[in-house]
Amino acid sequence: MLLPFIGPALLLNIAIVLVPSVATVVLAFFEWSGLDVPRFVGIKNFVTVLTESLFLRAVAHNIVWTAIFLTVPIAMGLLGAELLRRTKRELFQPIYFFPVILPVVVIGLIWRYIYHPTRGLGKILGVSLLGQPSTALFAIAFANIWAWWGFLCAVFYSATQGIPHDLYEAATLDGATGWQEFRYITLPQILPTLTFMEVMTIIWSFQVFDWIWVTTQGGPAGATELLATLLYKRAFYAYKMGEASAIGVCISLFGLAGVGLYYYLARRGAEI
Amino acid sequence: MTRSFRSGGLFSQVVLLILALYSFFPLYIALSASLKSRADLFANPLGLPKELYFTNYVQAFEVGNLKQAFFNSGLLAAGAVLGVLLTAIPAAYALAKIPFKGSSFLVGYYFFCTTIPAQLFIIPLYLAFSRFGLTNSLFGLVLVYIAIFSPFAILLMRSYFMNIPNELLEAALIDGASMLQAFWRIVFPVARPGVITTVVIVAMWSWNNFLLPLTFLNQERVMPVTVRLGMLMGKWSAAWELIMASAILGALPVALLFAFLHRRFIAGLAGTGLKG
Chain R
1 MLLPFIGPAL LLNIAIVLVP SVATVVLAFF EWSGLDVPRF VGIKNFVTVL
51 TESLFLRAVA HNIVWTAIFL TVPIAMGLLG AELLRRTKRE LFQPIYFFPV
101 ILPVVVIGLI WRYIYHPTRG LGKILGVSLL GQPSTALFAI AFANIWAWWG
151 FLCAVFYSAT QGIPHDLYEA ATLDGATGWQ EFRYITLPQI LPTLTFMEVM
201 TIIWSFQVFD WIWVTTQGGP AGATELLATL LYKRAFYAYK MGEASAIGVC
251 ISLFGLAGVG LYYYLARRGA EI
Chain S
1 MTRSFRSGGL FSQVVLLILA LYSFFPLYIA LSASLKSRAD LFANPLGLPK
51 ELYFTNYVQA FEVGNLKQAF FNSGLLAAGA VLGVLLTAIP AAYALAKIPF
101 KGSSFLVGYY FFCTTIPAQL FIIPLYLAFS RFGLTNSLFG LVLVYIAIFS
151 PFAILLMRSY FMNIPNELLE AALIDGASML QAFWRIVFPV ARPGVITTVV
201 IVAMWSWNNF LLPLTFLNQE RVMPVTVRLG MLMGKWSAAW ELIMASAILG
251 ALPVALLFAF LHRRFIAGLA GTGLKG
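Protein chains in written order, with my numbering: chain R, 1 to 272; chain S, 1 to 276.
Bear in mind the hints are in silico, worked out from the structure with no lab data behind them.
Check the hints yourself; a few may be wrong.
To be verified - Which bits of chain R does chain S cover? Going by a derived footprint, with three or more residues having C-beta under 8 angstroms, they are:
1. 2-14
2. 87-98
3. 152-160
4. 203-211
5. 237-246
6. 250-264
Values in this document were obtained by computation on a predicted structure and should not be read as measured data.
Cβ coordinates follow ideal geometry from the N, Cα and C atoms, glycine included.
Based on the sequences and whatever the hints tell you, model everything.
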């Protein structure tokens, strides 16, 4: 009786997500172009990948990306949520959220125009923010933050809706300032949500692909190469399925390691 | 300042307004650029259009061959929505209402699935799909969409199904209603908001997805809007008014959906804290 209910979804999931995910881990120990016969090579792919400067730079870029997204959009989301809670001006929420639902390709095209050195804002700024290695990664992150912070704002605002009103009323009677209300009521009350979003941010930050692909494809001169773009090029341009799989395994491990580190720091009270 | 700040006064509202302008500014740039003539855009990249040049949209649609792309994206979204509903509703119902061994493990597994990156399975999946002739096939990609979007749909709809009192179901079953009748008459009406939320979010994710069609569909006849838009840059490197018009056309279906159902989008995504 149970199988007709859970069977179809589970079967499709096993065939398309679970088995290929396990296959990636296996494939990481083989050399394969996708056409010839796979050859077992032990940990060679991992050695090759981990000693490559391209890979190490991509890891560094992913870490920078993670650091940006753990702080800037989270702070913006908290600010927006706290002000929405105070003013009850909920009509702002869909405005902040709208960029979140747009296709990344569309946002990428818009910001490429904005950053364009001789056409958009770039004309006024006199620089090509996407074209020079020192600013490209930050320019993409800036565009991504624009389309991301509204999501966090909505998540945090929805969490504040569960906070009992009398906490704020008591604080008002005690003459608490706006900052004190946020620091001693809102923040501790939504801490589980905040922690959850920080953990998800780490996982998501190591998966970023679309934002890079629709803006710079990893350029200029590898300045915006992330693990996911490196994997894509390795698999579908260079046909090195084993090395690409090794990168895929690393992306997942970095996500896991990030989460582990986060919990470790949170327990020691070093964060938040 | 402290007083007005605390009481949700002027200062807070000004900050909220600034944030709204920040959210709106890039959209204004794109919209105004898409409505300018090429000469107007070149001379005046940031200001309002001198006259509204709607022909950019017609030209973008025709020259960019967006008609086929829209059709493909529409089919992908419709297929994914239908497939997700057909597979996720029964699964969500079972996980909410039928106690069985491994039920909570399965819930945990589906949550885990929502965090798995496509990069972890895309290589073997691509190799298998190309062997079975499922690349360059809309049907093949719909199968992938169903598989990767259904965990979210199952978790979301399960939370609605769990609110239905067991007594209500039992009463219906005792009255001789079949399982399917009980589901249709009692469960579905209660879960309707969850179902609508699932529909709009799965439609949006299917329409917006880029990495999967980029990998699985590389012939022009099957390309969806997102992949097509990604290729336009090289084609029209200087015609920014056409690029912006195509970008806006490509976002229009999800933008319209959001205009009517933004509550469902926000509840479904922000309420769960998952982005899929």
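Hints, verified against the model:
1. 2-14: Our answer is that it holds, as 9 residues pass the Cβ test (under 8 angstroms) against chain S, meeting three.
2. 87-98: With 10 residues closer than 8 angstroms to chain S, the segment 87-98 of chain R meets the three-residue bar; holds.
3. 152-160: holds (count 4)
4. 203-211: Since 6 is at least three, the answer is holds.
5. 237-246: holds (count 3)
6. 250-264: Coverage by chain S holds here, the residue count being 3 at a Cβ distance below 8 angstroms.
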